[in-house]
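Straight run, no breaks: the sequence shown in our numbering ends on number 592.
Just so you know, the hints here were simulated from the structure itself, not pulled from any lab data.
Incorrect hints may appear among the rest.
[Claimed, not checked] Computed list of lysine-lysine pairs in DSS-like fashion (alpha-carbon distance at most 27 Å, straight line): (1) LYS452 <-> LYS482; (2) LYS452 <-> LYS549; (3) LYS160 <-> LYS318; (4) LYS563 <-> LYS449; (5) LYS39 <-> LYS74; (6) LYS278 <-> LYS150; (7) LYS278 <-> LYS318; (8) LYS577 <-> LYS563; (9) LYS465 <-> LYS589; (10) LYS167 <-> LYS150; (11) LYS39 <-> LYS157; (12) LYS577 <-> LYS589; (13) LYS413 <-> LYS452; (14) LYS318 <-> LYS452; (15) LYS239 <-> LYS167; (16) LYS465 <-> LYS549; (17) LYS318 <-> LYS157; (18) LYS465 <-> LYS501; (19) LYS482 <-> LYS465; (20) LYS449 <-> LYS482; (21) LYS160 <-> LYS39; (22) LYS449 <-> LYS549; (23) LYS413 <-> LYS482; (24) LYS449 <-> LYS577; (25) LYS167 <-> LYS157; (26) LYS449 <-> LYS413; (27) LYS577 <-> LYS465; (28) LYS413 <-> LYS39.
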Amino acid sequence: MSELTVWVFVDHFNVARKLTLSSNQFVSDLEDYILKHYTSGEQCSLQTIEIWKLAGSVKLLPIDDCRERVLADKKNRLFPQMSISTVLSSIIDAFQVFVTWKPSLKRSLSEWDERDSKRFHSAEEESYKQAVANGKAAKSPSNAIKLPDLREQQRDYPVLNGRPDGGPPIAIYHEVFGRFQDSLSDDSSIPSPDIYRLVHMLFAFSAQIYDDDDARYKAVMPILSKLLQSPFQKFVHKDKAAADGSVVVTFCFGDVKIGCGLCIVELKNEIGTGDGDPSLQAGFTCRKAWIEESLQKLRDQCCCPTFLVAIAGPHIMVSGSVFSDKFIVQPLTPFLPLYAQRLEEYHQVHLVAKVFFALRTGLANLTEYYLTLPYAPLTLPLPSRYFPYIPKLVNVQGFKFDHRLISQDPTRAIFAARDANGRELIVKYVKSYGEEAHRLLAPKGLAPELLQCCDIPGGLKMVIMDCIQGQDVAEMYPGKIPRTIVAEIGTAIEILHREGYVFGDLRRVNVVVCDGHAMLIDFDGCDKEGQARYSLLNPDVKEWHTDASAGQLIQKEHDIHMLALLEKDSE
Numbered sequence: 022m023s024e025l026t027v028w029v030f031v032d033h034f035n036v037a038r039k040l041t042l043s044s045n046q047f048v049s050d051l052e053d054y055i056l057k058h059y060t061s062g063e064q065c066s067l068q069t070i071e072i073w074k075l076a077g078s079v080k081l082l083p084i085d086d087c088r089e090r091v092l093a094d095k096k097n098r099l100f101p102q103m104s105i106s107t108v109l110s111s112i113i114d115a116f117q118v119f120v121t122w123k124p125s126l127k128r129s130l131s132e133w134d135e136r137d138s139k140r141f142h143s144a145e146e147e148s149y150k151q152a153v154a155n156g157k158a159a160k161s162p163s164n165a166i167k168l169p170d171l172r173e174q175q176r177d178y179p180v181l182n183g184r185p186d187g188g189p190p191i192a193i194y195h196e197v198f199g200r201f202q203d204s205l206s207d208d209s210s211i212p213s214p215d216i217y218r219l220v221h222m223l224f225a226f227s228a229q230i231y232d233d234d235d236a237r238y239k240a241v242m243p244i245l246s247k248l249l250q251s252p253f254q255k256f257v258h259k260d261k262a263a264a265d266g267s268v269v270v271t272f273c274f275g276d277v278k279i280g281c282g283l284c285i286v287e288l289k290n291e292i293g294t295g296d297g298d299p300s301l302q303a304g305f306t307c308r309k310a311w312i313e314e315s316l317q318k319l320r321d322q323c324c325c326p327t328f329l330v331a332i333a334g335p336h337i338m339v340s341g342s343v344f345s346d347k348f349i350v351q352p353l354t355p356f357l358p359l360y361a362q363r364l365e366e367y368h369q370v371h372l373v374a375k376v377f378f379a380l381r382t383g384l385a386n387l388t389e390y391y392l393t394l395p396y397a398p399l400t401l402p403l404p405s406r407y408f409p410y411i412p413k414l415v416n417v418q419g420f421k422f423d424h425r426l427i428s429q430d431p432t433r434a435i436f437a438a439r440d441a442n443g444r445e446l447i448v449k450y451v452k453s454y455g456e457e458a459h460r461l462l463a464p465k466g467l468a469p470e471l472l473q474c475c476d477i478p479g480g481l482k483m484v485i486m487d488c489i490q491g492q493d494v495a496e497m498y499p500g501k502i503p504r505t506i507v508a509e510i511g512t513a514i515e516i517l518h519r520e521g522y523v524f525g526d527l528r529r530v531n532v533v534v535c536d537g538h539a540m541l542i543d544f545d546g547c548d549k550e551g552q553a554r555y556s557l558l559n560p561d562v563k564e565w566h567t568d569a570s571a572g573q574l575i576q577k578e579h580d581i582h583m584l585a586l587l588e589k590d591s592e
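All chains should be modelled from the sequences, with the hints used to inform the complete structure.
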């Protein structure tokens with residue numbers, strides 16, 4: 022097996038990349054690479070891209086007329102089953118491959134996205150514009166965190182940071198955050214010796230008592246910089262807001278050189294000193310950074326993933342932020358002590374070392390993400406920026422998000438989507454899901470068809486199911502429920518119980534009537550009896566059995582109790 026150096030020109034994005042391919046790979050491997058890195062897998066598919074071998078050697082320079090020269094030299098179409106070694110050779114100073122889209126599309130990626138954006142994504146676009154306007158109108162971060170300003174700022178120009186409203190989990194928008202969380206819980210994730218050494222030093226300096234923010238800053242920030250393997254920079258925004266430190270990547274996006282923050286750091290000398298919470302201030306500062314005019318083109322084409330670090334005296338906290346149609350901040354760790362009693366020192370140093378190991382890896386991944394982000398000359402924001410990323414595991418052909426479904430709970434992550442044939446789908450992200458129970462009922466018409474349930478980074482499950490046209494029982498039958506509907510619900514519960522499952526939340530809102538038939542739709546808490554427990558987040562559900570309570574095991578008799586309540590209200 023040998024390696025080949027191949028220069029590829031990707032049309033529409035005007036991207037030139039040097040790839041190193043193995044001689045035993047196939048053109049299909051090149052297709053997968055193109056879809057992953059230059060189309061996000063959403064606007065294009067294997068059915069719409071074409072890969073061509075050039076007739077001769079098209080020199081890389083001059084870059085100005087590169088596309089015209091490549092187009093003129095297009096010769097042979099390459100197909101997935103072809104071996105790389107038989108169709109390409111190693112050339113280090115000229116293009117060999119040209120990637121384009123089938124002529125039948127008759128419109129560029131930017132035209133495609135702008136038309137789709139107008140058709141499907143007007144609500145998201147308006148929400149996004151309002152979020153940008155909110156960021157511009159908000160007070161400077163140092164003032165916004167002060168009381169009573171904080172209450173007013175979060176009412177009028179909110180950041181979804183849980184104070185009081187949160188947003189969907191940020192791990193669904195970019196996998197870097199889920200991988201950070203997975204690394205912390207992975208016992209096989211062992212930090213390098215230099216991280217342990219630096220963390221021990223950080224503990225020693227953080228435990229000291231300093232007179233003010235500046236003294237603590239000078240003591241701990243150089244160590245923090247070494248831990249992150251990045252120098253800190255200070256950017257002053259138009260309203261004179263500036264983070265205490267930023268890890269920045271600088272690159273050319275289109276024809277403009279820009280610098281965007283990978284990590285924002287805010288520091289307070291001690292808990293209870295200063296004007297407010299540095300974790301809140303980091304989020305507000307990050308929003309101010311991303312609404313800068315210089316970053317508009319980049320902001321319009323991605324969800325702006327950024328890590329946030331808050332230091333409050335000898336304590337540290339890591340959060341993450343994304344800018345979808347709203348600006349969302351989520352804690353990824355609690356505030357962790359940067360000091361310890363002797364007997365607890367090993368555990369605490371190890372925990373903080375794992376945080377910096379995961380953060381160092383995350384910053385490297387974000388750097389690669391921004392440096393390889395394709396530039397598309399759009400006049401409207403890229404529709405995909407509003408929605409979760411699409412994992413490689415998704416096997417629904419032509420899968421594409423349409424819009425987020427409105428919920429009274431802003432943290433719920435439920436979206437409408439479509440497949441290649443325009444079939445309407447529902448996508449939800451949950452911590453747990455009764456996949457087996459759902460698949461048990463779906464073929465019998467007692468639950469929507471479940472297309473896929475896959476694990477994604479961050480301990481989440483991505484659930485893709487058929488979008489059924491109907492209403493839930495609470496909407497359709499606010500009074501008495503037809504006996505035929507209750508009988509079908511009873512059949513579903515009987516099937517689940519027979520196989521050892523409990524459903525747990527048999528309320529009217531969790532049953533949909535479609536074409537006159539009942540379907541169960543919420544399997545988040547459904548599992549085997551003896552394993553399934555009630556949610557900790559819904560402690561006061563009046564329909565629950567008297568023995569049922571938050572966090573307790575769900576029993577079959579609890580399902581039977583809730584079914585009896587429905588039967589009592591039937592006619």
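The hints, checked one at a time:
1. For the hint pairing LYS452 with LYS482, the CA-to-CA distance comes to about 6 Å; that is within 27 Å, so the pair holds.
2. Restraint check: the Cα-Cα separation between LYS452 and LYS549 comes to about 16 Å, which is no more than 27 Å; the hinted pair holds.
3. The hinted pair formed by LYS160 and LYS318 meets the criterion: a straight-line CA distance of about 24 Å does not exceed 27 Å.
4. Simply put, LYS563 and LYS449 have alpha-carbon atoms about 25 Å apart, close enough for the 27 Å limit, and the pair holds.
5. Distance hint between LYS39 and LYS74 is fulfilled; the C-alpha atoms sit about 15 Å from each other, no more than 27 Å.
6. Under the criterion of a C-alpha separation no larger than 27 Å, the hint pairing LYS278 with LYS150 is consistent with the structure, at around 24 Å.
7. Pair hint LYS278 plus LYS318 holds up; C-alpha atoms about 11 Å apart against a cutoff of 27 Å.
8. A hinted pair counts as satisfied when its Cα atoms are at most 27 Å apart, and LYS577 with LYS563 qualifies at roughly 18 Å.
9. The hinted pair formed by LYS465 and LYS589 meets the criterion: a straight-line CA distance of about 25 Å does not exceed 27 Å.
10. Between LYS167 and LYS150 the alpha-carbon distance is near 26 Å, which keeps this suggested pair within the 27 Å criterion.
11. For the hint pairing LYS39 with LYS157, the CA-to-CA distance comes to about 40 Å; that exceeds 27 Å, so the pair is violated.
12. Under the criterion of a C-alpha separation no larger than 27 Å, the hint pairing LYS577 with LYS589 is consistent with the structure, at around 18 Å.
13. For the hint linking LYS413 to LYS452, the alpha-carbon distance of about 19 Å falls within 27 Å, and the restraint holds.
14. Only pairs whose Cα atoms come within 27 Å are accepted, and LYS318 paired with LYS452 is rejected, the gap being roughly 34 Å.
15. Only pairs whose Cα atoms come within 27 Å are accepted, and LYS239 paired with LYS167 is accepted, the gap being roughly 25 Å.
16. For the given pair, LYS465 sits about 20 Å from LYS549 by alpha-carbon distance, which is consistent with the 27 Å threshold.
17. Between LYS318 and LYS157, the direct Cα distance comes to roughly 17 Å. Compliance with the 27 Å bound is thereby established for this hinted pair.
18. This hinted pair checks out: LYS465 and LYS501 have alpha carbons roughly 25 Å apart, not beyond 27 Å.
19. At most 27 Å may separate the alpha-carbon atoms for a hinted pair to count; LYS482 and LYS465 meet this at roughly 24 Å.
20. The suggested pairing of LYS449 with LYS482 holds, with an alpha-carbon distance near 8 Å, which does not exceed 27 Å.
21. For the given pair, LYS160 sits about 45 Å from LYS39 by alpha-carbon distance, which is inconsistent with the 27 Å threshold.
22. As the CA atoms of LYS449 and LYS549 are separated by approximately 21 Å, the hinted pair is consistent with the 27 Å bound.
23. Taking the CA atoms of LYS413 and LYS482, the gap is near 14 Å; set against the 27 Å cutoff, the hint holds.
24. For the hint pairing LYS449 with LYS577, the CA-to-CA distance comes to about 26 Å; that is within 27 Å, so the pair holds.
25. About 18 Å separates the Cα atoms of LYS167 and LYS157, which keeps this hinted pair within 27 Å; it holds.
26. For a cut-off of 27 Å, the pair hint linking LYS449 to LYS413 stands: about 17 Å separates their Cα positions.
27. Restraint check: the Cα-Cα separation between LYS577 and LYS465 comes to about 21 Å, which is no more than 27 Å; the hinted pair holds.
28. At roughly 23 Å between alpha-carbon atoms, LYS413 and LYS39 fall within 27 Å of each other, so this suggested pair holds.
Comparing the model with each earlier hint shows violations of hints 11, 14, 21; every other hint is respected.
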